[in-house]
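Chain B: place on chain A using the hints.
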Amino acid sequence: MKFVDEYRDQQAAKRLADEIAKTVSHRWTLMEVCGGQTHAIMKYGIDQLLPDNLELLHGPGCPVCVTPAEIIDQAIEIADAPNVILCSFGDMMRVPGTHTSLNGAKASGADVRIVYSPLDAVEIATRAPEKQVVFLAIGFETTAPTTAMAVHRAKKLGLQNFSMLISHVRVPPALEALLTSPGPKIDAFLAAGHVCAIMGFTEYFPISRKHQVPIVVTGFEPIDILQGILMAVRQLEEGRADVENQYARVVNERGNQQAQAIMACVFENTSQVWRGIGALSKSGLKLTREYEAFDARARFNLGASRKEETSASVCVSGKVLRGVKKPIDCPAFGRKCTPEHPLGATMVSSEGACAAYFRYSRKRD
Amino acid sequence: MCLAVPGELLDLSTENGLPTGRVSFGGVIKLICLAYTPEATPGDYVLVHAGFSISTIDETEAVNRLASFGDIALQGGGA
Numbered sequence: 001m002k003f004v005d006e007y008r009d010q011q012a013a014k015r016l017a018d019e020i021a022k023t024v025s026h027r028w029t030l031m032e033v034c035g036g037q038t039h040a041i042m043k044y045g046i047d048q049l050l051p052d053n054l055e056l057l058h059g060p061g062c063p064v065c066v067t068p069a070e071i072i073d074q075a076i077e078i079a080d081a082p083n084v085i086l087c088s089f090g091d092m093m094r095v096p097g098t099h100t101s102l103n104g105a106k107a108s109g110a111d112v113r114i115v116y117s118p119l120d121a122v123e124i125a126t127r128a129p130e131k132q133v134v135f136l137a138i139g140f141e142t143t144a145p146t147t148a149m150a151v152h153r154a155k156k157l158g159l160q161n162f163s164m165l166i167s168h169v170r171v172p173p174a175l176e177a178l179l180t181s182p183g184p185k186i187d188a189f190l191a192a193g194h195v196c197a198i199m200g201f202t203e204y205f206p207i208s209r210k211h212q213v214p215i216v217v218t219g220f221e222p223i224d225i226l227q228g229i230l231m232a233v234r235q236l237e238e239g240r241a242d243v244e245n246q247y248a249r250v251v252n253e254r255g256n257q258q259a260q261a262i263m264a265c266v267f268e269n270t271s272q273v274w275r276g277i278g279a280l281s282k283s284g285l286k287l288t289r290e291y292e293a294f295d296a297r298a299r300f301n302l303g304a305s306r307k308e309e310t311s312a313s314v315c316v317s318g319k320v321l322r323g324v325k326k327p328i329d330c331p332a333f334g335r336k337c338t339p340e341h342p343l344g345a346t347m348v349s350s351e352g353a354c355a356a357y358f359r360y361s362r363k364r365d
Numbered sequence: 366m367c368l369a370v371p372g373e374l375l376d377l378s379t380e381n382g383l384p385t386g387r388v389s390f391g392g393v394i395k396l397i398c399l400a401y402t403p404e405a406t407p408g409d410y411v412l413v414h415a416g417f418s419i420s421t422i423d424e425t426e427a428v429n430r431l432a433s434f435g436d437i438a439l440q441g442g443g444a
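If you're matching them up, the sequences are chains A and B in order.
First residue of the first sequence: 1, per my numbering; consecutive thereafter.
First residue of the second sequence: 366, per my numbering; consecutive thereafter.
So here's chain A without its partners, still in its complex pose (with noise of 0.2 Å):
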């Protein structure tokens, strides 16, 4: 097995979408929590393959897309500083600040730089003493052990000249708020595989007792996306409301310990915004006092970031974010708001709602 063509066979997604139209006796609304997963029903046509009466609503699982206009600024704000080399992952360098993109302050003369690891950026802090390096660390709890690793490792280096901008995101306050704000009535999850891989289901099991709702911890290949709706229809159809695992074969109940502990040591939880939802608590990660002189705003005197988010533009990605909105609702979608010209960061990221259904729904028609 190499764990993805055998995830892709047309023969079993058809018999696992006639097993779920075969199970659908009642209209059930299932939301997928993680863009990639957004993107792999779009991409492989996943919508069309089910009964009309079972809809799939896009969740806020996009870090890019739920990550404040104002981290973008501060980002832009220490890439301009005298000496400052900002490392990013390449997902955030098109998305809009309130004026620009580190795209443009790059084309403006900013030392901006994509990185594939954060251990990279610390890389690149051990090779240039004479300048701060900054890493824009963005992301779910997937993400989060990387970045930890690197603060973890800039630490153990005695690094003066690294530190990070953080805007961590984390996945069970998000559900809690979308159950308990108002807004589409979500019947059962699909929960996020990869960020499940780090920090296993445990923590949905009183989301799940307390709202009586299915969740399925889900993987991000056509089959599995099936597999999991199948199961998550299933608990419906039978009144059950349990966590149950699809995604075996990566993720366990109490997930990766070794990240897990690096984590627990690097970060604890904080009140964090989400772009077009607003201030969760507890839903990010801030620095602990024992790597609290790695954090860039403090660094270059920025201030805590507690903005809440203004949008005047026709954008509706709020409203896609927390599944109230479909991109297609929306006026400005695939004419004002294209991935070359966006207005919202769900058109940006690739794995942004907009995003994917301008790609993918266009060449359906």
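Don't take every hint at face value.
Stated by the list, open to error - Quick list of in silico lysine-lysine cross-link-like pairs, DSSO-like style, CA-CA up to 27 Å:
1) Lys336(A) / Lys106(A)
2) Lys185(A) / Lys326(A)
3) Lys395(B) / Lys156(A)
4) Lys282(A) / Lys325(A)
5) Lys22(A) / Lys185(A)
6) Lys155(A) / Lys282(A)
7) Lys2(A) / Lys395(B)
8) Lys155(A) / Lys395(B)
Source of the hints: derived by calculation from the structure; they are not laboratory data.
Showing chain B alone in chain A's frame:
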């Protein structure tokens, strides 16, 4: 963003004090940090995100899950 790609671990080494290995993604080979999957041995498939292996893929679980849904088309697929 949470994209993670399965690849085959080819060998083990140490880079800058961190456990590391070469991982092949369909022939494209990259050096990957193995600090979070110390149990991985050459020949295992690991799931890689942002330069880190975050999980060793459990082939038994993979086969069991596919079999439980009757998706046995893959059994004929060989290794």
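Hint by hint, here is what the structure shows:
no.	hint	verdict
1	Lys336(A) / Lys106(A)	holds, 25 Å
2	Lys185(A) / Lys326(A)	holds, 15 Å
3	Lys395(B) / Lys156(A)	holds, 25 Å
4	Lys282(A) / Lys325(A)	holds, 26 Å
5	Lys22(A) / Lys185(A)	holds, 23 Å
6	Lys155(A) / Lys282(A)	holds, 25 Å
7	Lys2(A) / Lys395(B)	holds, 17 Å
8	Lys155(A) / Lys395(B)	holds, 25 Å
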